[in-house]
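Peer 1: The primary structure of each chain is shown beneath.
Number of protein chains: 2
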Amino acid sequence: MSEFALEILASDGAARRGRLQTAHGSMETPAFMPVGTAGTVKAMTADAVAATGAQMVLGNTYHLMLRPGAETIQRLGGLHEFMNWPGPILTDSGGFQVMSLSKLRTMTEDGVTFQSHIDGASHTLTPESSVEIQRLLDADVTMVLDECPAMSDDKDAIAKSMELTHRWAERSKQAFALRPGYGLFGIVQGGVFDDLREQSAAALTGIGFDGYAVGGLAIGEGQEVMFGVLDGLVSHLPEGAPRYLMGVGTPADLVGAVARGIDMFDCVMPTRSGRTGKGFTARGSINIRNARHTEDARPIDEACTCPACTGHSRAYLHHLFKADEILGPMLLTWHNLHYYQSLMAGLRVAIEAGALQEFSNEFHARQALGDIEPA
Amino acid sequence: MSEFALEILASDGAARRGRLQTAHGSMETPAFMPVGTAGTVKAMTADAVAATGAQMVLGNTYHLMLRPGAETIQRLGGLHEFMNWPGPILTDSGGFQVMSLSKLRTMTEDGVTFQSHIDGASHTLTPESSVEIQRLLDADVTMVLDECPAMSDDKDAIAKSMELTHRWAERSKQAFALRPGYGLFGIVQGGVFDDLREQSAAALTGIGFDGYAVGGLAIGEGQEVMFGVLDGLVSHLPEGAPRYLMGVGTPADLVGAVARGIDMFDCVMPTRSGRTGKGFTARGSINIRNARHTEDARPIDEACTCPACTGHSRAYLHHLFKADEILGPMLLTWHNLHYYQSLMAGLRVAIEAGALQEFSNEFHARQALGDIEPA
Numbered sequence: 001m002s003e004f005a006l007e008i009l010a011s012d013g014a015a016r017r018g019r020l021q022t023a024h025g026s027m028e029t030p031a032f033m034p035v036g037t038a039g040t041v042k043a044m045t046a047d048a049v050a051a052t053g054a055q056m057v058l059g060n061t062y063h064l065m066l067r068p069g070a071e072t073i074q075r076l077g078g079l080h081e082f083m084n085w086p087g088p089i090l091t092d093s094g095g096f097q098v099m100s101l102s103k104l105r106t107m108t109e110d111g112v113t114f115q116s117h118i119d120g121a122s123h124t125l126t127p128e129s130s131v132e133i134q135r136l137l138d139a140d141v142t143m144v145l146d147e148c149p150a151m152s153d154d155k156d157a158i159a160k161s162m163e164l165t166h167r168w169a170e171r172s173k174q175a176f177a178l179r180p181g182y183g184l185f186g187i188v189q190g191g192v193f194d195d196l197r198e199q200s201a202a203a204l205t206g207i208g209f210d211g212y213a214v215g216g217l218a219i220g221e222g223q224e225v226m227f228g229v230l231d232g233l234v235s236h237l238p239e240g241a242p243r244y245l246m247g248v249g250t251p252a253d254l255v256g257a258v259a260r261g262i263d264m265f266d267c268v269m270p271t272r273s274g275r276t277g278k279g280f281t282a283r284g285s286i287n288i289r290n291a292r293h294t295e296d297a298r299p300i301d302e303a304c305t306c307p308a309c310t311g312h313s314r315a316y317l318h319h320l321f322k323a324d325e326i327l328g329p330m331l332l333t334w335h336n337l338h339y340y341q342s343l344m345a346g347l348r349v350a351i352e353a354g355a356l357q358e359f360s361n362e363f364h365a366r367q368a369l370g371d372i373e374p375a
Numbered sequence: 376m377s378e379f380a381l382e383i384l385a386s387d388g389a390a391r392r393g394r395l396q397t398a399h400g401s402m403e404t405p406a407f408m409p410v411g412t413a414g415t416v417k418a419m420t421a422d423a424v425a426a427t428g429a430q431m432v433l434g435n436t437y438h439l440m441l442r443p444g445a446e447t448i449q450r451l452g453g454l455h456e457f458m459n460w461p462g463p464i465l466t467d468s469g470g471f472q473v474m475s476l477s478k479l480r481t482m483t484e485d486g487v488t489f490q491s492h493i494d495g496a497s498h499t500l501t502p503e504s505s506v507e508i509q510r511l512l513d514a515d516v517t518m519v520l521d522e523c524p525a526m527s528d529d530k531d532a533i534a535k536s537m538e539l540t541h542r543w544a545e546r547s548k549q550a551f552a553l554r555p556g557y558g559l560f561g562i563v564q565g566g567v568f569d570d571l572r573e574q575s576a577a578a579l580t581g582i583g584f585d586g587y588a589v590g591g592l593a594i595g596e597g598q599e600v601m602f603g604v605l606d607g608l609v610s611h612l613p614e615g616a617p618r619y620l621m622g623v624g625t626p627a628d629l630v631g632a633v634a635r636g637i638d639m640f641d642c643v644m645p646t647r648s649g650r651t652g653k654g655f656t657a658r659g660s661i662n663i664r665n666a667r668h669t670e671d672a673r674p675i676d677e678a679c680t681c682p683a684c685t686g687h688s689r690a691y692l693h694h695l696f697k698a699d700e701i702l703g704p705m706l707l708t709w710h711n712l713h714y715y716q717s718l719m720a721g722l723r724v725a726i727e728a729g730a731l732q733e734f735s736n737e738f739h740a741r742q743a744l745g746d747i748e749p750a
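These protein sequence lines are chains A and B, in that order. Just so we're aligned, residue 1 is where the first sequence starts under the numbering used here, counting upward by one. Just so we're aligned, residue 376 is where the second sequence starts under the numbering used here, counting upward by one.
Any given hint could turn out to be false.
[Stated by the list, open to error] With a straight-line Cα cutoff of 20 angstroms, these simulated EDC-like cross-link-like pairs (lysine to aspartate or glutamate) come out:
1. A:K322 with B:E456
2. A:K42 with B:D699
3. B:K697 with A:D119
4. A:K160 with A:E132
5. B:K697 with A:E295
6. B:K417 with A:D324
7. B:K697 with A:D195
8. A:K322 with B:D494
9. A:K322 with B:E484
10. A:K155 with A:D195
[What the hints assert, rightly or not] To spell it out: a stretch of chain A is covered by chain B in this simulated footprint if at least three of its residues, at any positions, have a beta carbon under 8 angstroms from a beta carbon of chain B; those stretches are:
11. 62-75
12. 297-306
[Claimed, not checked] Some residues of chain B that are not near chain A, with every Cβ distance over 12 angstroms (derived):
13. I383
14. M458
15. A578
16. P613
17. T680
18. H693
19. G721
The hints are simulated quantities; they were obtained by calculation from the structure and are not laboratory data. Because the structure is a prediction, the values reported are computed rather than measured. Idealized CB from N, CA, C, for every residue including glycine.
Hey, can you work out the whole structure from these sequences and the hints?
Peer 2: What follows is the structure in structure tokens.
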């Protein structure tokens, strides 16, 4: 079994082209990881996810610990076997969903007690129990439990929260069992404050992790502010470790963050959008429910080679969404994930060629063109 | 382009093994046609439908005329192009759904006026307009508009309805444009009365059709009564034309009806069951939502080679259904269609081998065993 490690193959400015080795295979970076919340990338078979080019998927600890339960998944052979995904899996710590989904949370130094949004049952998540749950799931990448403060919190509150996250990170490190090919990532917090972010990077690198995530962004601060945080932060993270921007983002977010040295992303955007009728194209996004697609014989994106675009018209997809047919979300999710993976593949090639700036310029120029109106 | 024709390759008792040639390719019979109501076999890509072994699918004229409209589908290249199904397509006449789904129906000698269940708009379906809509859809098999009386109707009412169906069949025949590879099927009515069924067969064969459907069954009369109708009827249908039992049925219905000389079937059962958690197996059906599957590591059917069974446990499918994940209906629909197509393939091989009785005995013996309890 391979050691858990990021090999840097090329770089272009701050951007890096790498390969992350894990216990369940490797992932070419920069990479986008589709979100498989409850052990399934919604509306996609595992084979279809792999066919889009995805090499690693994300599972949500909060959802899986509540249903079907981490012990159940372990008894069934782990999350890879359970969800028929033989490749690498990253699981989050559960903390973010506790904050966004559960009821009646109580935070203490020890951890967080909450009521399940499914059945109201009480559960506790501590740094140690989160690491243990992720071990039961057999995640290749385990994330430390962190606290993600609200956008509206003042700097003192964000600093206090960050310090708790650092203490939890230390406890997570102690709790994490070393196994070849398995890695533990720390999460940098500190809101939009460069000095806090720098402190957080220092604290986490002091503890020492296999990778470093940037948390607490993409929560409403806007792209410019987010990029500003990355500009200040990334140079304080170790060169040789993967950098993961959590919960990001739009295609333009990915292009800009890769240029700033981020290696890994996850976001529900391509999958959630695929279920609500938003499709991503080289010329910006379209809403397939819009009446102008009623008799539009073109595919979603004429340059796209995904199964949705090679076999189906916008008119057909429009019809499927109007008729509430499951195949609509299935095909549009497939297309969107294919679009995201193609974008990442393009970024990787551009970095190798030392042409990331040109790639980025071309990307933005095309996005600005807007969709071609039907004839 | 081939002529529309059924070639009989082998027979075993009343059962026939054939090959139906159409404008869009051939279909091995006896055959089960998945139902693609609104231009999609629910929760399946067209490629997946083909991968189960299906060679012909059914489209519902009622649904497609209301949304997106037959003219729209014609402008987009016809139903094959629209739904990415290059193979043969059979469309029904729309009559059955008018009766079961629409509001405020008015029947006259001319046809039926009804309000759309989608937006309340008024539409009229006549024998001629139904044939025309099916021509716009580019159906390989067009069905005549018929009236399907209720189980509870008395013999006089059923005879009157049958006679209307015959007059409509004559008008449909007049309206149908002859094109190589395209066929028009008449529909035998007459309820559960052998003499009416015989009259109906005589009237329709007098008009002359490319195939003969048996309508008005599988509406609550029970399997024994249905088989009794087939026993009395089938010898009155022409040897060389395909025989289609509409809206049937369970696996046992298919086995029994094939033995009685039926060549074609359609039913929502495998797809609808797939969305509600019922899975078909060689040892009978299971409800995947049942708690006993919570940690059941076995596939739905250990002998099955479908993607749902080769990659996933019952426990995983159980989880997907409990979590309302789209992948649950996707996988179970795929399995059920695969099961139905495998059953038909088995029946075809058995007829070729002159071993249909043995096949049927073995089928019933296995079904009677019931599901193996988890260890």
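Peer 1: Now tell me if each hint is right for this structure.
Peer 2: Verification of the hints:
no. : hint               : verdict
1   : A:K322 with B:E456 : holds (19 angstroms)
2   : A:K42 with B:D699  : holds (10 angstroms)
3   : B:K697 with A:D119 : holds (13 angstroms)
4   : A:K160 with A:E132 : violated (26 angstroms)
5   : B:K697 with A:E295 : violated (38 angstroms)
6   : B:K417 with A:D324 : holds (10 angstroms)
7   : B:K697 with A:D195 : violated (46 angstroms)
8   : A:K322 with B:D494 : holds (12 angstroms)
9   : A:K322 with B:E484 : violated (34 angstroms)
10  : A:K155 with A:D195 : holds (11 angstroms)
11  : 62-75              : holds (count 5)
12  : 297-306            : violated (count 1)
13  : I383               : holds (34 angstroms)
14  : M458               : violated (7 angstroms)
15  : A578               : holds (37 angstroms)
16  : P613               : holds (38 angstroms)
17  : T680               : holds (14 angstroms)
18  : H693               : violated (8 angstroms)
19  : G721               : holds (26 angstroms)
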